Each structure stands twice: as structure tokens, then as C-alpha cells.
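The listed protein sequences derive, respectively, from chains C and L.
Take 0 as the starting number for the first sequence in numbering that gives the first Met the number 0 and just add one per residue.
Take 0 as the starting number for the second sequence in numbering that gives the first Met the number 0 and just add one per residue.
Misleading hints may appear alongside valid ones.
As the list claims (entries may be wrong) - According to the in silico footprint, chain L covers these stretches of chain C (three or more CB under 8 Å from chain L):
#1 106-114
#2 434-442
As the list claims (entries may be wrong) - Some but not every residue of chain C turned toward chain L, in silico, with C-beta under 7 Å:
#3 Ser90
#4 Lys101
#5 Thr103
#6 Phe127
#7 Ile132
#8 Ser136
#9 Val137
To be verified - Below, a sample of chain C positions facing chain L; criterion: calculated Cβ distance under 10 Å:
#10 Leu9
#11 Ser10
#12 Ile88
#13 Ala131
#14 Asn133
Hints were generated in silico from the structure; no laboratory data involved.
Predicted model only: the values in this text are computed from it and were never measured.
For every residue, glycine included, the Cβ atom is placed at its ideal position computed from N, Cα and C.
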Amino acid sequence: MTSVIEIKSLSKEYQLGIIGRDTFYRDFQSLIAKILKKDDPNSPLSGIISNGNSNKFLALNKINLDVKKGDIVGIIGKNGAGKSTLLKILSRITSPTEGSIKITGKIASLLEVGTGFHGELTGRENIFLNGAINGMSVSSVEKQLDNIVKFSGILMQHIDTPVKRYSSGMIVKLGFSIAAFLDYDILICDEVLAVGDQEFQNKAINKVKEINSNSNRTVLFVSHNMDSILKLCTKVVIINNGMIVHQGSTKKMVDKYTNSRSYFKNYYENRWSNNSPQTDSIKLISISSKNNIGEKLKDFDITDEILIDVEFQILKNDKNFCTNLHFYRNNNFFFQTFDESIDVDWENQQSKNIGRYKQTCKIPPYTFDVGHVDINILIFNPPGDIDSSNQIMEPKGSTGALSLEIIESKRINHARGNYPFAWAKDSLTRPICKWITKLEDEK
Amino acid sequence: MMIKKKLQVETIIITSKANSFLNINEILKYRDLIFLLVARDFKVFYKQTILGPFWYILQPLLNSAVFTVIFGKIASMPTDEIPPFIFYMSGTILWSYFSSSMMSISQVFTSNKDLFSKVYFPRLAVPIANVIINYLQFFIQFVILILFIIYFYFNGSSFSLDIKLLLIPLLLIQLSMISIGFGCLFASITYKYKDLALLLGFGMQLWMFVSPVIYPMSMISDKYIYFYILNPVSSVIENFRYVLFSNSDFNLGLTLLSLFFSIVIFIFGLYIFNKVEKSFMDTI
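Just chain C, with the same shape it has in the complex (with noise of 0.2 Å):
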């Protein structure tokens, strides 16, 4: 089998938008200072930021991938790991900033469904409009013409009429249809056989299905339906933080990614169902995050108390347990937390009584400066049973049970607030300090 699709080292990289350069004047005095050699006005800080990075995100990161003619893959992923930002520069949106991709054969690429349709416009005036957007000649949409028509459902006497009146699942219908017929060797879809009723979502995937059989096209297919990716793809890709972690077979790979919570990190609870971590005598149930008022969140400002509660079942009235969270930032360990279950003498350690607990772990504000929080559990036997068979480890690694974004304070408390320039580096910690100022010398 030929490769049609060859992705070799890619990488994009995005600005943070910490300094807002939309103005030409702001521009304009950047440059005037890197021509004078004065300290650029708009720079992020320099004195205080060292390193200039810190201001840049990698939404993709060295990504290699080899598409074979005929296959259907399925790109999963949580938001924000990367799948679009492929799919844009694919389809040739937006250029990558490092590396290459070649394409072998006609590309389509349907990010969205009716794009460029014109509400003034009839359906049938929109179907050549949005074919030649996708670089379909004249004639040869008006020989699909009748069969796009048809596969949309769309009566014939309502297809001179501006889509305006259209309802949206009509628009949508039509805007899917015309892509069906599109003349191309390799097809790029973003959730758009989510369109429509379940009727036409299964005619849309047996659609491509065909399509595929028929004449052997490829096609890339990014979903959050793990139904579409199983009834469709023939292979499967995860993408997580900007790169491919695992490649293989539909099956295995759609079991792996929704068994796998680190791809769901960012969800404010994490509750077992039935592969709980267990010992003989203990049972975890859930880890959540909340603030102080008992909303359950992700994103807590800084300026926030963090409350982290631990639910477990005591199995056997034979053991104390303690409860030690762990902290991870950018997978390094940067503190942890026990219960109080440690402030009694290691003698005295009294055994739990079998039932249903849940404790309660109140993080103060400031404890974490802005950015994202991995939070792993150790539940163990104090005075710490040697046997890891006694305890509970969760997860394994460092990909945390919980995470949480720690986000930056509109407030001015010791926040940034409106602060309208680069704010310091992010660091681990941001702790409230004593500080006192006092004027020692009036002169």
C-alpha cells in the first residue's frame, strides 16, 4: 500500500496572547526600539522573565504520521490535544511551523458543512457555489447534481428556493450531500457526520463507507463519537498534548482511550465504578474537586480555597489508613499533603470501622500559582506498611487521579487583577508573604 499522506516532524506553535500587538502604533514602537537598540516597550517584562519561551504553546509537537491509500482513520482526543490545529494545516488553513506533509492525490477537506452557503441564495445556486469552493469544476457538479439532491432529501421543488428558508437540519443535510459527491482521492472530516437526524448520521457514515470501498479513497476522520469511530475507522490514532501517544487498531485503541482517565484529566471528579483501586481492606470510590461554597469545578482562581474530597470504603476493621495526596506540575512532584491520621504517635494508630468515608482536604488560596495540577492518591497504613499490596497507589505514574487549572485572579489581591502588561513567570507557588515597607530615610 502507498502512502498519500506523509507527515514528517510536525510541529505549530501558537503566541500566547499575554501582550495584545493589534495595534499598528504598538508595532510600530517595537520596531522603532530594536532599530534605536533600546529595550522593546511591548516586551514580556524582560528583566523579570529569563527565559522568552515561556510565552509560546505547542499545539502540536513533532508529530510523525503515515496515512495508507484506502485506509479510514480516526484521530480521538480530548480538547484541546491538537486534533484541529492537524486538520487545519492539512486542509491547508494555517501553516505549520516546523516540518512537512505530503499529500499524494486530490484533498477535500470538510471542516464544516456548507461552507460559503449564502442565505440569499437558492439550493441549488449553493450547491455549485459551495462545490466550487471545494474546487469541484461546474460540470462536473451538475453531472452529481441529481444524486446530490437526492442523498440530501431535499424535494426538487424546494431546491429553487433560498436557503434562508431552509430549516438548519436541511442546510446541513444539503451542505453534507454535497460533499459526499465532491470529486477526491483523500477526504478530511471534523465531526461533521454528526449532522442531522440519526437517520442521515447512519446514511452519512455508510456514505463514507462506500465511498471508501468503492473506489478506495482515504479518508481522516476527527470525532468524540467512540460510536462512529468503531463503526467506521480501520485505524486509530490518539493524540494527547500535542502528540501522537498511540496508534493501532480501531478496537483497541477506542478501549484504550476511554479506559485510560488521563485523557479525561481536567474533570472535576473522578469516580470508580467497578475497577476501583482496592486492597483487601479498602476501597477508593471518588476524588473531586470543589470550592468553598460546594461547587464542583476544575478552574479555580487563585485566589480560591480548593476543597479536595476523598471518598473510600473501609472493607475490614483491621487497619488505620491514611490519606496522602501528592502534587504534580508538569509531571514534577512539588509537594504533598496527610490527613490527620498523622498527627497521632505511629503507636497509637487506631483500625477504621467498616463503612463509608469521605474526607475532606481544604487547599488555602495561593497554595498554587496559575497553571495546571495533576493530583495523585496514596492511600497506605500508617506507620506506613512497606507491603504496597496494603495500600492504594492512583494512579501508577504521574498523570494524576484529579487535575485542576489554577487560573489567574481578575481580583487584585495579591493577584495579577488589571494588571495590563506581561504578569511574572508562572511558578509553582505564589504564597501570601508578611512584607513590611517602612521609609527609613527621608532623603
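Position chain L against the provided structure of chain C, taking the given hints into account.
Just chain L now, with coordinates in the frame of chain C:
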């Protein structure tokens, strides 16, 4: 049914570098799109207005009438012996062709960002379609101008329309080159610096006054003539009037210089546009 075998397989290489400069083949491949974009703009304009294409006629007539009263009657500016109404109309229709293509091209990224963010096609197709739809407008207005010239002819003014009229398409092509060049340049700047778009509307007005739209070049003293040489539009307007009215001598030097500037600005505008079109989506 026989399946035609494709002899040529398209290969696309995507890298961080800009596309090869001005891929004419690719634009030709999308000629149907250009045609349909023109048809769309025309139909939409037609459907959403009461008077439809009559606006194309009304606008230069009103403009010329106002200019005739203000500049002709009140300010008594010379018009090279041409009936003032005809003089102003000839200037106005050419200028409005230029300024409306400029304005629409300079907003090509901002007004098409929904389309551009979803699908690839050579972005230059949109400016080209803009130029063509403005040709249509010009054509309608030009026919009206000719009708007025005939009317004035039968009312005693002397005109000598001759073979030179065939040069008008060339003048239009030159004017389109200037509008594509400047328009693409402005489009590449204003998508990022939105404040400059405000400046442009105002700038076009100023530009009209420093071009011989409402006065003839013969009125300009030699002191300022160099300034007019730098403005490529002035020669196009002058030559347009020369072709229509033979009112002054043909200035070959000015024409060649203006042609040179037009080509330079055309190539420069396309070059910048080509650089910007690949990644403007990240900024807009």
C-alpha cells in the same frame, strides 16, 4: 461505465515556507469559483435592494450632478472645454471603479474569515472576483456615460469618439493592477491592525482630491507635477479622458512611469499577500 484513469496525480507539499509566488495554474483551476463568486455578489446585491443595478447608474449621476454644481458652477473650475457634467462623470465612474475595488480587496481577510477558516482555495480568487464585479459596475456606468455623450453631441457639443476607445480595456487593466496591488497590501496590514481600516476610507477620499478626478491635469502647475507622476492613478484618469475627448496631448512619459509604478505595486502587493495568506488565520 468506463472509468477514466487519471494520468496526473496531484502532489501537495505543505511546509512552513510560503507557496510558490503567484501560482497562475492553481488560480485557473479555480476559475469556476471566481465566476460563481461574481455571480453570487451580483445576485445578492440585486436581491437585497429595491432598485437593484439601478444603483450603479444613480450613484455616478448624483455625484456628477453635485460636482457640476459645486465645482463647475460655484467654484468655476476649468474642465478642458469638456461639458462639466460629462467631465465629472468620466472622472467619477473611473474613480468609483478604483475605490470600490480597493475597498473590497482591502477587507478580503476580515470579511471572508469564516470561509477562509474552513476551506482552502487560492485566496487571490476573492480579490479577482471583486475586480470583476466592479468591471460589471463600470461597464453599466460607462454605457450611461456614452449615452450622455451622445445626448450632449446632439445638443451642440463636439465630440470625436474614435478607434482610441479600444484602449479603455487596457486602462482598466492597469487600474485593476493598482487596486489589486494596493488592496492586497492593505488587506495584509488591516487584518492585523484593524485601526488602519478606518484610515483607509478617509485616505481614499484624500487620494481622490490629489488625483485629477474633479479637475484636469492641465490645471496643475509644473511645481506639483512630480507629485502627480508618483500617483499612478492620475495618468490612468488623464488617459481615459484623452481617449474619450482628445482634450489634451498624450503624455507618453507620464504614462510609462505610471505603468511602471502600477506593475511594481501590483507585484509587491501580491508578494505580501502571498506571504500573509498562509498564516493569517492564527492572528485574525
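Tell me if Ser90(C) is really an interface residue toward chain L, meaning its C-beta lies closer than 7 Å to one of theirs. holds (5 Å)
Per-stretch coverage check for the stretch 106-114 of chain C, three Cβ contacts closer than 8 Å to chain L: n = 5 at 8 Å, threshold three: holds.
Please verify that hint: Leu9(C), Cβ, nearest Cβ of chain L, below 10 Å or not. For Leu9(C), the interface hint holds, since the closest Cβ of chain L sits about 9 Å away, which is under 10 Å.
Next item in the hint list is Thr103(C). Is there a CB on chain L closer than 7 Å to its CB? With a minimum Cβ separation of about 5 Å from chain L (threshold 7 Å), the hint on Thr103(C) holds.
Phe127(C) as an interface hint toward chain L, with CB separation required under 7 Å: Holds, because the Cβ-Cβ distance from Phe127(C) to chain L comes to roughly 6 Å (cut-off 7 Å).
Under 7 Å, Cβ to Cβ, is where Lys101(C) needs to be relative to chain L, so tell me if that hint holds or is violated. Nearest chain L Cβ about 5 Å off; hint holds.
Was the hint right that Ile132(C) lines chain L, CB cutoff 7 Å? holds (6 Å)
Hint status (Cβ of Ala131(C) to nearest Cβ of chain L, threshold 10 Å): holds (4 Å)
Take the shortest C-beta to C-beta distance between Ile88(C) and chain L; is it under 10 Å? Hint holds; Ile88(C) Cβ to chain L Cβ min 7 Å, cut 10 Å.
Coverage assertion for the stretch 434-442 of chain C with respect to chain L, Cβ distance below 8 Å, three residues required: violated (count 0)
The hint names Ser136(C) as touching chain L; please verify it with the least Cβ-Cβ distance against 7 Å. holds (5 Å)
Can the hint on Val137(C) be confirmed by a CB-to-CB distance to chain L that is less than 7 Å? holds (5 Å)
Taken one by one, the earlier hints fail for this structure only at number 2.
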